[in-house]
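Q: Please construct the entire structure, taking both the sequences and the accompanying hints into account.
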Amino acid sequence: MKTQDFTYAVSRIRMKETKLFSRKEIDRLISQKDYQSVLRTLYELGFGGETNSNEDVLTAEQNKLWQLMAELTDDMSVFDIFRIQNDYHNLKVSVKSIYSNTEPYSMFVSGGTIKGEALFESVKNRDYSELPDALGLTASLSLDTLLKTGDGQLCDAIIDKATLDAVTLFAKNMQQEVISEYAELFVASSNIKIAVRGSRLNKSLDFFSKSLSDCNTLNIEALARSAVKGFDEICNYLADTEYKDAVSYIKKSMSSFEKWCDDKLLNSMKKQKSEPFTIGPLIAYILAKQNEIKAVRLILIAKLNGLDDSKINERIREMYV
Amino acid sequence: MELGLFLALLGAALATFMAGIGSSIGVGKAGVAAAGVLAEEPSLFSKVLILMLLPATQGIYGLLVAFLILQGVGIIGGGAGEISNLEGLLYLAASLPIAASGLFSAIHQGKCSVAGIHTVAKKPDTMGKSLIIPAMVETYAILALLISILAINGIGALGI
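Line by line, the protein sequences are chains A and B.
Just so we're aligned: the first sequence equals residues 1 to 321 in my numbering.
Just so we're aligned: the second sequence equals residues 322 to 481 in my numbering.
Just so you know, the hints here were simulated from the structure itself, not pulled from any lab data.
One or more hints might be untrue.
Capping the alpha-carbon separation at 20 angstroms, the derived lysine to aspartate or glutamate pairs in EDC-like fashion look like this [what the hints assert, rightly or not]:
no. : chain 1 : residue 1 : chain 2 : residue 2
1   : A       : K19       : B       : E362
2   : A       : K19       : B       : D446
3   : A       : K270      : A       : E258
4   : B       : K444      : A       : D160
5   : A       : K273      : B       : E362
6   : A       : K193      : A       : D206
7   : A       : K193      : A       : D160
8   : A       : K64       : B       : E362
Covered stretches of chain A (chain B as the covering partner; in silico rule of three or more C-beta atoms under 8 angstroms from a C-beta of chain B) [claimed, not checked]:
no. : region
9   : 269 to 283
10  : 304 to 311
Think of the CB as a built atom: it goes at the ideal place given N, C-alpha and C, for glycine as much as any other residue.
A: So this is what it looks like as structure tokens:
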């Protein structure tokens, strides 16, 4: 990777970390009686800015995060591990919009390496020259597959696998421990989710081979074979891997497993609190901020739908600070 | 005579510029971190300034040693006498502890100060503890300074 000095950036991040929500602020939000009170409290806490709908607040906070990162680094490509995930999401939206002849613009997410609109035009015109090689190849393959078979799940599987492969490749090229750690957990947990969901839908070995992505901590051939045999076999296989602690959560529910993954990831990032010079604290801050945004989204949606506080507490992730 | 004087001057130069380079790198690193903190919280200026200036001392120690050498050979204060090659070499050797230790200790103290500035940024009430940690690195610069001064003073007493 290009060598950058992150001393200034880490110093600013240390100050920003003091403003991240701790469990105390999250509890304060949960204790609010309704949706409007939560929005008011968020405003008091300086979260989002002056908006009155949940998506505006969350989008404003996301934009603030990426604006800060743009200020702190000369080269935003160091954050491509997050941005390429948005590209592949936008590719999925584009391919499905072309197939169903619908308008995709409202479903694009910002923060990719390419604007959603430009990506859509490239895919629509089948001109992949402006796209990175891997994204172009995936665009061509997924669009052809969807047009030929009409199988939306297969199209999703192709794009999801390409996303995971791109994340792994990026981490390999960066050679930064914090990024490798994130990529490994991201890819492994995605593989587990694909295996569990696919096994419940009785998917074939061929489907799993096309969907699972290589990672260091899982043998994907063994995982695919277990997934074909059924859910219990997946649990048996995972019991012999470093994800054995996750088995009880997977048995409980997928959302419980997702919470386990998020907590594990955030805990692994906590050592970045004492790292003064590398990109690690910035990556940790991005994940911590996204975790905070996820928690706020959950609270807002729960309040909007009148969900019980105990249900919110069950789903809320551990906080970074 | 000429070579002896040159060697003594080389010692003075080494003490000044090597310790000076170390200090400038250390203060530079700490300064970048301080600027980052001040961009978010200007009220922490006095606290981060102290931490930022810690690696500056090695440059001063180098200057002090150079001054003593220049005084020893008579360049400062007048009356530069006969300096033998051996005497010049001895002055050069006497400058090396602060030159080398000043260079490396200031760089590492700078790194330590950066970490201290980050700690103060998150918890301003830990200023005392954050100051002690980089100050530990200072010990080795002081030891080197002590040896350089003792050596320079000793050269005169040798009567070479």
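Q: Now tell me if each hint is right for this structure.
A: Status of each hint after checking the structure:
no.: 1; hint: K19/A <-> E362/B; in the structure: holds (12 angstroms)
no.: 2; hint: K19/A <-> D446/B; in the structure: holds (17 angstroms)
no.: 3; hint: K270/A <-> E258/A; in the structure: holds (19 angstroms)
no.: 4; hint: K444/B <-> D160/A; in the structure: violated (42 angstroms)
no.: 5; hint: K273/A <-> E362/B; in the structure: holds (19 angstroms)
no.: 6; hint: K193/A <-> D206/A; in the structure: holds (17 angstroms)
no.: 7; hint: K193/A <-> D160/A; in the structure: holds (12 angstroms)
no.: 8; hint: K64/A <-> E362/B; in the structure: holds (18 angstroms)
no.: 9; hint: 269 to 283; in the structure: holds (count 3)
no.: 10; hint: 304 to 311; in the structure: violated (count 0)
Violated hints for the displayed structure, listed by number in ascending order: 4, 10.
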